Structure formats: C-alpha cells, structure tokens
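Undergrad: Here are the chains, one letter per residue:
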Amino acid sequence: MKENKKALRVLAIVCMLFLSLIGYLTYFEIFLKESVVANSYNKRQWEYSNNKLRGSIYDRDGETLAYSEGEGTDQVRIYPHNGLYSHVIGYHSIIYGNSFLESVYQKELSGNTHLGNILDIKNKLTGEDGFGNNLHLTIDHELQRKALDLLKGRNGAIVAVNPKTGEILAMAGNPIFNPNESDLVENWSIMLESQDSPFISRSLQGLYAPGSTFKLVTAAAALENGYENYTFEDSGSVVIDGMTIRNSGSRSYGALDLTRAFSLSSNVYFATLGVELGESIMKSGAENFGLNKNLPFNLSVRQSTFPYKKMAQTELAASAIGQGQILVTPIQMAMAASAIANDGVMMEPYLVSNITDINRNILFSATPKKYGTSVSIQTAEKLTDMMVEAVNSGTGKNAKISGVLTAGKTGTAQNEKSSAEGGNEHAWFVGFAPADDPQIAVAVILEYSGSSGGSAAAPIAKGVMEAWLK
Amino acid sequence: MDNIYSIYKPVRMVMLFNLLAFILIFFYEGNYDYSTLLWGLGIIMLIYLVYTLIRWKSWGDEYLFLIASMLVSIGLVMIYRLNPEIGQKQIIWFLGGTCLFFFIYLVFNAVPVWSSKRLYYVYPLLSFVLFSLTLFFGRRIGGAINWISIAGITIQPWEIIKLLFVFFSASYYKHRDSLKSLNFTVRGHDIQVKSIYIYGILSYMHMGFLILQREWGGALLFFSIYFTLLYIFESNVKFMLANVILAALGGLSGILFLSHIQTRIDIWLDPWADISGKGYQITQSLFAIGSGGFFGTGIGLGRPELIPAVHTDFIFSAICEEMGIFGGAGVILLYFLMVYRGIKISLKIEDVFYKALALGITVMVGFQTFIIIGGVIKMIPLTGITLPFISYGGSSLISSFIALGVLQAISSGKSFHMEDNHERK
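Protein chains in written order, with the working numbering: chain A, 77 to 546; chain B, 67 to 491.
Honestly, the hints are just simulated from the structure, not real lab data.
Please note that a few of the clues may not be correct.
[To be verified] For lysine-lysine, the following DSSO-like pairs were computed, each having C-alpha atoms within a straight-line distance of at most 30 Å: (1) B:155 - A:81; (2) A:81 - B:414; (3) A:222 - A:446; (4) A:78 - B:410; (5) A:82 - B:410; (6) A:78 - B:183; (7) B:246 - A:78; (8) A:183 - A:476; (9) A:476 - A:458.
Keep in mind that this is a model prediction, so the values were computed, not measured.
All chains should be built: construct the whole structure from the sequences, respecting the hints.
TA: This is the structure we're talking about:
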C-alpha cells in the first residue's frame, strides 16, 4: 500500500531527526563543551565558596536599598523599593545572576575580597565571620523617588549630579523592572522580549540625538575660539549647501548675537555658526565635553559619539544644532552641564562613596576626582550667564525656580521615529542651580515624547533641582 | 525471558529504575524523609497495576504504556529531586493521567462516533472556541499567551487543541471524497472551493491562532503534523508544493517582520552576545549539559536548578546534567521506540480515519520532542514547548496521556470492529 510506504519514510525521517539530536549532543560534548563550561557565567564554577550573608546597600543617609535574609545558599535578596533602583543596583538572583552594582561589586558584597582578609581572621576568632560588606551610595533616596515620580511612567531618564564632586545624586529612568526574585521569575521572558528593553539603563546605555542642548557645546567652542561677537540676520530659515535649516515653528528672530540666539534656541544662527567654526573646532569642542571618550564610572557607560571623519557643510550645520549623527547618553549631558557649573572642570562621576564591613569599619572611601577641563573659567561663566538668560526669558522658562538663579538649556531632538512634519521628538533639558553656587546639575530626557524640551522636560528638571535645594 | 523471576522483563526494569532512583533521593535529601519512599512505591505500584491490566485484558499494544511510564519516571525523578513538593503534584497528575488514559481507552472504543462525518466541522469549531477563550481570557506566562485559568487551575488549551487538530485531519482524509465543496456565485461566475482548500484554510487558521499567541513552537508543530499527513494521504503534488511555498513564505516573512522571531534567531546564532540577558536561559542550559559529561553528575549532585524553567521546557538539560549525555540519548531512543510502535500500529489499519489518527498522534509526539530537545541543546532556535510525558505540568501530561489512550485504543482494534477490522489478531 502506497500510504504505508510513505508512513515508513516518515518513520525514517523521524529516526534521522532523533539521530541528529544524539549526534549533536555528542559533538557538543566532545568539541564544544570545553569553551562553554569555562564561561564566567557558569555559576557552577564560583559556587558559593563560603556562605556569608551578602552585604546591604544604603543611600547617602543610610536608607536601606537592598539587603539579604536567610542563611548560606538559602539567602533571599530583598529590594524594599522594588523597581526604583533597577538601573542602579540591578538584581542579585540565584537563577539569573547579577546585574549593575550587584554585579560590579559582587566580590565586595559577597565578602570574597582581599579588602576584609585581615579583619576576617579577627572575625573568625571572635565568631563574627559570615558577613559580606556593605555599599554606601551617593544617591539620595528622596531625590531618586522624586525623580521617578516626576517621569510619571513615561520612558526616559533623569541624571542628577553634584557638579563640584561628581557624586550621582539621582539616576532614574523608565521603564523599570522589579528586581525581587519572585517578580523576576514571573516576568523574565516577557521582559527579555519586550521592545521597551527594561533591563537597559536609559541613563547610561541610551544613545540619543542631543538636539538643541548641544548648542551648549557649539556655543562653548565659539566662545573659546573668538567667535563671541558673531552675529547673523535670522529670517526663520537658511539654506546651507542645498539643505534648508529652519527654526522651531519657522519663527524669524532678526539680528541675533550669541546670547540671544542661545536663549531663543535659533537653529539658523547656530547652523551658520557651526559652518563658520569648521570641522576641527567643532570636533575638539565636542571631545572637550567627553564625546568619543569612555566616561569612567562605577557602571558601564556607552560612549557618546561625534562620529565624523570628514565633514561636509551640511553635516557641520546639523551637528551644531545637535542633529545629524551625534549621539549622547543622558549621563554625558549631565556631566557636560556640571562641567559648566564647576568653572569648566568636569569631575569623575561616581556612585559608591564607601564600602564598610559588618561593624561599619570603612574599607574603602571614594574621593572626588577631576576628569578633565572642558572650557576655561571665563567661558564657563559666560555660558552660565547665557543659560540663566535662556531660563529667565528664553525657551527654558518652565525650569525657573522662584528665588533661585537657574541655568539651563532645552532641546527637542528629532530622531529616527520623527517625520518631516514632526512628532516623536525627544524632549531634553540640561541645567544646574543655583547658578551662582551650583549644588546640582541635571539632565532630563523624555524619549519619543513628541513635545518640546521646554514644555515637557524643563518642569521635571525644575522639580528635581527644587527638591534637592529645599 | 518469560521466567517469572527474570529482572529483564521491561516492566520490571521500569520498576527497578524507580526503586533505585527514589532510594537515591531519599538518601540524598539527607533528612531521610520516608514519604519520599512512599511516593516512589506509589509510582511503582501504579505502573505495575496498569501494565498488568493491559496485558490481562489484552488491551492492545503492551509496550506503549511501558515506554510512556519510563519517560514519566525519568521526568518524575528529576522533578522530585528539584523540588519534592511539585514532584508530588506531578505524581498526582500522573495518577490522573493514567485514569484518563483508561477512561479515554474505554470511551473511545465504546462509542465509535469519532470518525463520523458530522464531527468534521465540530473539531475545528471546538478548537477555535478554545483558542478564542485563550486569547480573551488568557494569561501571558513566559512570553506566550497560552494559559487560561478555570477555578484556580491554570490550563494550556493548545495542548488539547493539538489532539482536536489530529482528529480533524483524520476526519478529513476519511471523508474527503464525500465532503461537499463550497459553491457560491460572484457576479455570475460560479466559484467552487474544493474541500481540500477548506481543510487547508482551517488548518492554517489553527496555526494563525498559535502565532497570535506567540506559541511559535506550537505553530511549527501543527505545521509538521499537517504536512506529514498531507504527504502520506494526499496524492495531489501541486497542492503539496503550494503548501511548501506558502510555509516558506510564511516562515520568511516571520523572520523578516516579527521582532520576536528575529530575537529568537539572534539568540540561537549567538547566545553569548547577550549572556546576562536574552541568551541567559540557553547558555545556562548549555552549561548544565556540558557539566554533565557522558555519564552525568549523578542524581542530586548537579546544579540544574540554575536553569530558568528547568521543570518544564528545560527538563532535558537537567536530565543531561545529572544522567549524562547517555541518559539524554536514552530518553531520545525511548521516544524513537514510541514513534516506532505508533507507526507500526498505523501500518496494520485499513480504515483511513484510524490510520491517520494513529499517524497524527505518533508524529505529534515525535516532532514535539525534536523541537524542544533541539531547542535546549541549541541545535535549532528555541521555542518554549513541553517535552511530552517528561515536563512538569498538568496540561502537558494530561494531553500526552489522552493521546496515548487514543493510540492504545486504536492498537486494540476494538473501536473500528464494526467497520473494517481485518487485522485483529
């Protein structure tokens, strides 16, 4: 019978499929497994060599952000504030491993570190063995909470820094995830496949077009290179090498000098200024603010890029207003603002201020470090004045804090999802306060929000700075 | 071999395996929990009882249940060792599955209505109702919306729909010549849709629902069943080619336009690129398989609990870690034996409905096994479906045993006695 013959062929095919499974398993066992099992993510290798209780993590005022309960291998990691620190502390999970600070400070938290070795002997003698070390962060819990609340669930990021030291005061972003083990288990595969990538820190890994906030860099380059008195007759749009550049709403502002152009965020003025400055000044200006360099930090930060090799006039014009191929991370913009706030000196950002053992003996203490000089002190002062002007009478009015001199710059960045008619732009705000004695610098971005930086991002930055200065 | 004292009788091997495994777990646990031994004894008795009953009543193929119970035993030992509590639940599911196996066996033989032409449209209708229920009331667990919750019990309807689909297909091949084609008139032109196209469209609708639920493995499984039966029973080469082209186009557009499928392919090609995120599960699975070596670490001595979803989709990796590649190969060979028995049963049947049904169920088990094992060892892209008879979970075990019950009933030959049973021994 014909059908039986075919059925036997099907049997032969299934047989071959199964044999191929066995064959692949054998091949894997003989040829592939060596390199596979040696991977550092194979926890069988670093199986708890000791059963110390994992250390806790605290904010700058001693608020507990993460702690462990239980004994030995039955420990449970508890995050009392759920998702609030999902992109700062991350998770520590028996099943999924570690992420963010839990991963970077695995040794210290688990107690398997040279730091505590001498004390360990003492602890063994006194019977106080069995505890990992604690991390003390520069984060302010209240400010962090406030920052996340201000985002109201919208996708985006907020980074707040102390410009004088580089301490990260708050670093929040959406979407978040709940790092507690049971929630991780329940939502893991959904989160993995989610288009929103909740495991990614927007603040550190998100690369965005900076839009008009980049005019800070262009203006700094102009000031440093003697273009302070550059003026241009702004008629609402300008054609550069065949490409038309328009102001927001095609408004024409007439004769503009640098300060007014900055405050009104004139694209026409800055595009022509960029062409005037030329490639090498624009590029070194951007690199002075840390683009094309790896920012040293406790967590890994993606490099902000100014990727041009040889620039055409149109590219110069676009990059001067923060469009084109320039991409920046929110933390980089926060550091740029803090450099201006700190007399032109960019400090190294950091998150972990102290590491202590169970008895609160300090094992490590961070000291503020200078990262580089972005601009001269004179330029920093002029930029500050321009940023104050932008908040007092320009596009950044919504960031004005009553009784406090506030400096800032808005940005509305077109991106791959924006159409020619607009929509989906990133709303940006970078700034600091008080302008005469800066205590906090912030960068705020709402991704694909479609609203302007002045209307959507500035109020958030105001809220964060106000909360800190109170 | 017929010596009553011989240990080499297959059923005694299965019993011995359970005895040794549960004694091992009893000692491994360290707290010498006697209930472990009781549960193990329960399984041994259950298997012996069922096997004896099948032989005594000569209820068809005596090896089918033995193979299944060996697979269940291996799964149970792994699950029990990972977590005694859910191991006990699985034992209760096994008991339930066995009862259902008998129930289905008896009902299937007692009321031979299954091949009736009237049911041809009832099967897909039932499937679509279940699918719609899942989509409307479904819960998303592990990326796919495939669970519904009834009175606190969550079930996966597509595990049952699998069987309805096989029944539907078998019913089509039985009645295809007498099935009416769909005739209607558009602007004076008479249009005739042949029954085979209606069958094809209904089949693809099943797969469409599964894609909506993001049950990619399920869609692939349905297509393999559909195409295998088409290959065996359909002589229209053009129609088959059209199906191949359609499937190729469907697969290609899935790869090009569905980001979820792209993600899975990216992970398959290079899980190491995102080892802490998207590649986590599969790399943990590979660590487990690699750590086991050829002979395994021994039951209770590995760390398979490090793999996410180890009880369900990744149980095979746990078996490889603790029972070795040889253990894994053994499991694969057991599935092969089951497929072999299934096809052997189908060869003797003249009646197209029962023949197609036996073949459909057999290839269903075979392909499902290949899809999930291939996935966890990274031979093919991973799609989360369960390993029949072994994975933890009521829906999976119950549907596997229903399928087995049907196959058992067909093998007894009693169900189509009235019609054309030439092959009864």
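Undergrad: Among all the numbered hints in the text so far, which are the ones the structure does not match?
TA: 1, 8
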